[in-house]
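From first to last, the protein sequence lines stand for chains A and B. At the far end of the first sequence sits residue 180, using my numbering, and the numbering has no gaps. At the far end of the second sequence sits residue 1059, using my numbering, and the numbering has no gaps.
Some hints could be false.
Here chain B is said to cover these stretches of chain A; the calculated rule only asks that three of the stretch's residues, wherever they fall, bring their Cβ under 8 Å from a Cβ of chain B [as the list claims (entries may be wrong)]: (1) 49-58; (2) 69-82; (3) 136-142; (4) 172-180.
Taking lysine-lysine and the DSSO-like style, the derived pairs with C-alpha atoms no more than 30 Å apart in a straight line are [as the list claims (entries may be wrong)]: (5) K123(A) / K49(A); (6) K102(A) / K932(B); (7) K107(A) / K996(B); (8) K932(B) / K123(A).
FYI, nobody ran anything at the bench for these hints, they're computed from the structure. Note that the Cβ used here is the ideal one computed from N, Cα and C, for glycine as well.
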Amino acid sequence: MENINTTPITGTIDQDLLLREQDAMCVNESKLEHKWYHNLKYLAVGIGFGILFVKAEIISWFRIQEMFRFQSFHMFGVIGSAVAVGMLSVFIIKKFNIKTIYGETIVFHVKEFNKGNIYGSLMFGFGWAITGACPGPLFAQIGSGATVIAVTLLSAIAGTWVYGYFRDKLPH
Amino acid sequence: MNFIEFISQPWPWYVAGPLIGLTVPTLLIIGNKTFGISSSMRHICAACIPGNLPFFKYDWKKEIWNLFFVAGIFIGGVLAVSLLGNPEPIVVNPNLTEELNGYGITDYTSLMPNEIFNWANLFTLKGFIMMVVGGFLIGFGTRYGGGCTSGHAIMGLSTLQWPSLVATCCFMLGGILVANFVLPFILNL
Chain A
9 MENINTTPIT
19 GTIDQDLLLR
29 EQDAMCVNES
39 KLEHKWYHNL
49 KYLAVGIGFG
59 ILFVKAEIIS
69 WFRIQEMFRF
79 QSFHMFGVIG
89 SAVAVGMLSV
99 FIIKKFNIKT
109 IYGETIVFHV
119 KEFNKGNIYG
129 SLMFGFGWAI
139 TGACPGPLFA
149 QIGSGATVIA
159 VTLLSAIAGT
169 WVYGYFRDKL
179 PH
Chain B
871 MNFIEFISQP
881 WPWYVAGPLI
891 GLTVPTLLII
901 GNKTFGISSS
911 MRHICAACIP
921 GNLPFFKYDW
931 KKEIWNLFFV
941 AGIFIGGVLA
951 VSLLGNPEPI
961 VVNPNLTEEL
971 NGYGITDYTS
981 LMPNEIFNWA
991 NLFTLKGFIM
1001 MVVGGFLIGF
1011 GTRYGGGCTS
1021 GHAIMGLSTL
1031 QWPSLVATCC
1041 FMLGGILVAN
1051 FVLPFILNL
């Protein structure tokens, strides 16, 4: 693996990581640096994920309306069984100390609660019910031919930016 | 029924759900990546329009995997519809069909109601609220809330984090309230 450079973990706090961790569940913990094409494996996982989204009709506005009206078990079954499998996987990874394919220890980091978890999530719920999409399905909806959803995605990116602009003034 | 016909049908929840759940260990094992999608929109801001805001001044290239991931979701959407598309209209609960009929929504040939989500509608009040305002709420809300369905409901709950449980309950509650009590007014516009 000559194309991998290991950057030594220093005692100082990684300021860039701290910043990236703000208001985000998913940040990159890896200290390894790879060539760009290593990212193609995430592209492949994404493709599988997009196919799943379409084939299980998770990206359908109709299915989301059914879910929020308790008219179908489908979406609850999808989310519930995904969480169950995710929990079991994390338990197994911790129990057997499973490493990444590069031999790194897998890191889990605990998120602290802030009031944004309530206010922000409520707002996201409003948007989810109206558009029938959470952020992942937005990308798949565009791919599935609903090209106008590109506008919804741009608006969501604008919303993210406006949040960044007012972040200091909002209750957390 | 051949294989392509078989997988062209809608996939049941007990197939899709566990496969989505397996994304969690897959991303962890192939590169220590924590599953989450809404952050991709923050990285796009950081890459394209950081605007000198501290919230976007970080090395977005360290998170570029997330952009590859969402690009994959887009490509997956294209492939699923073009190669494995379901020719049948989507089947929904008859109560929903009846309700939507009252708003003039009768086309079930796509996964999205074509009567609402089209380019011409973008310039009507209803279309603007449903596509532009709705999108804005998703982007602002997920970042303020610290994650979306993937980051909080799936990754957060999988790692037993109680703030994620609070967030999941809040976005389900917000969705239930709007879908039942606000959306009917929007759809009647």
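_Output the indices of the hints that this structure fails to meet, ascending._
Violated hints: 5 and 7; rest satisfied.
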